[in-house]
Amino acid sequence: DTAVSQTPKYLVTQMGNDKSIKCEQNLGHDTMYWYKQDSKKFLKIMFSYNNKELIINETVPNRFSPKSPDKAHLNLHINSLELGDSAVYFCASSQRQKNTEAFFGQGTRLTVV
Amino acid sequence: GENVEQHPSTLSVQEGDSAVIKCTYSDSASNYFPWYKQELGKGPQLIIDIRSNVGEKKDQRIAVTLNKTAKHFSLHITETQPEDSAVYFCAATSNQFYFGTGTSLTVIP
Chain A
1 DTAVSQTPKY LVTQMGNDKS IKCEQNLGHD TMYWYKQDSK KFLKIMFSYN NKELIINETV
61 PNRFSPKSPD KAHLNLHINS LELGDSAVYF CASSQRQKNT EAFFGQGTRL TVV
Chain B
1 GENVEQHPST LSVQEGDSAV IKCTYSDSAS NYFPWYKQEL GKGPQLIIDI RSNVGEKKDQ
61 RIAVTLNKTA KHFSLHITET QPEDSAVYFC AATSNQFYFG TGTSLTVIP
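Read top to bottom, the protein sequences are chains A and B.
The opening residue of the first sequence carries number 1 in my numbering; numbering runs sequentially from there.
The opening residue of the second sequence carries number 1 in my numbering; numbering runs sequentially from there.
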């Protein structure tokens, strides 16, 4: 069973469109994250949710809106997509209280044309 | 917040040689230091980690050292093999993961 799964794996869309990326974890973790990885491979934290509550919201345009319906899911919705949004987006989860490793999904490669 | 610096950004070694990647961190509250390996087209995966109450940890060909006083930690890979070629990330964390900028390691057969 996949620990952290995100869909879709690839997403190609036109500028101005709205799209969503879904993430689910079956590890029973209390914290989930969204990271953006650009072409230089930098892993930049975007959001962090602990028990469905937002705890970190880095400097991210408000076109990006995370939604956590329950502890096992953290979806990312992006409005009015721009060329600069093209990147690989990773979902991850961890057990924050135990301060242990984060498990990553396989990534979603978003290409905005 | 935490600031994690990682060097070098690229590293090429001959198969069988050793590779060393170094990281420094700024927040003395950080107490958990994982290392991740990211292969092409995949998400980062944990390869080894160390906590602040330990100075060194080894797992087969991989070892990590931590100097809490100097706030730096290093990844050592011995007897490198072509399948070790990947991007490696260090991270420092207390309640939040802060990643280094990554090292692209190439092992030349």
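Quick caveat, the hints were computed from the structure, so don't treat them as lab data.
Check each hint, because a few of them may be wrong.
As the list claims (entries may be wrong) - Calculated cross-link-like contacts (lysine-lysine; reagent style DSSO-like; alpha-carbon spacing at most 30 Å):
#, chain 1, residue 1, chain 2, residue 2
1, A, K36, B, K42
2, A, K67, B, K37
3, B, K57, B, K22
4, A, K9, B, K68
5, B, K22, A, K98
6, B, K68, A, K22
7, A, K98, A, K52
8, B, K37, A, K19
9, A, K22, B, K57
What the hints assert, rightly or not - With the Cβ distance kept under 7 Å, some of the chain A side facing chain B (calculated, not the full set):
#, residue
10, M46
11, A87
12, F90
Quick reminder that beta carbons are idealized off the backbone N, C-alpha and C, glycines included.
Hints, one by one, checked against the model:
1. A/K36 / B/K42: Holds, because 14 Å separates the two Cα atoms, which is no more than 30 Å.
2. A/K67 / B/K37: holds (28 Å)
3. B/K57 / B/K22: holds (15 Å)
4. A/K9 / B/K68: violated (39 Å)
5. B/K22 / A/K98: holds (26 Å)
6. B/K68 / A/K22: Since the Cα atoms of B/K68 and A/K22 sit roughly 38 Å apart, the hinted pair is violated (cutoff 30 Å).
7. A/K98 / A/K52: Satisfied, since the Cα-Cα distance of roughly 17 Å is no more than 30 Å.
8. B/K37 / A/K19: Answer holds: B/K37 to A/K19 is near 29 Å, not above 30 Å.
9. A/K22 / B/K57: violated (36 Å)
10. M46: Result: violated, 12 Å to nearest chain B Cβ.
11. A87: With a closest approach of 14 Å, the A/A87 hint is violated.
12. F90: It holds, given that the least Cβ distance between A/F90 and chain B is near 6 Å, below 7 Å.
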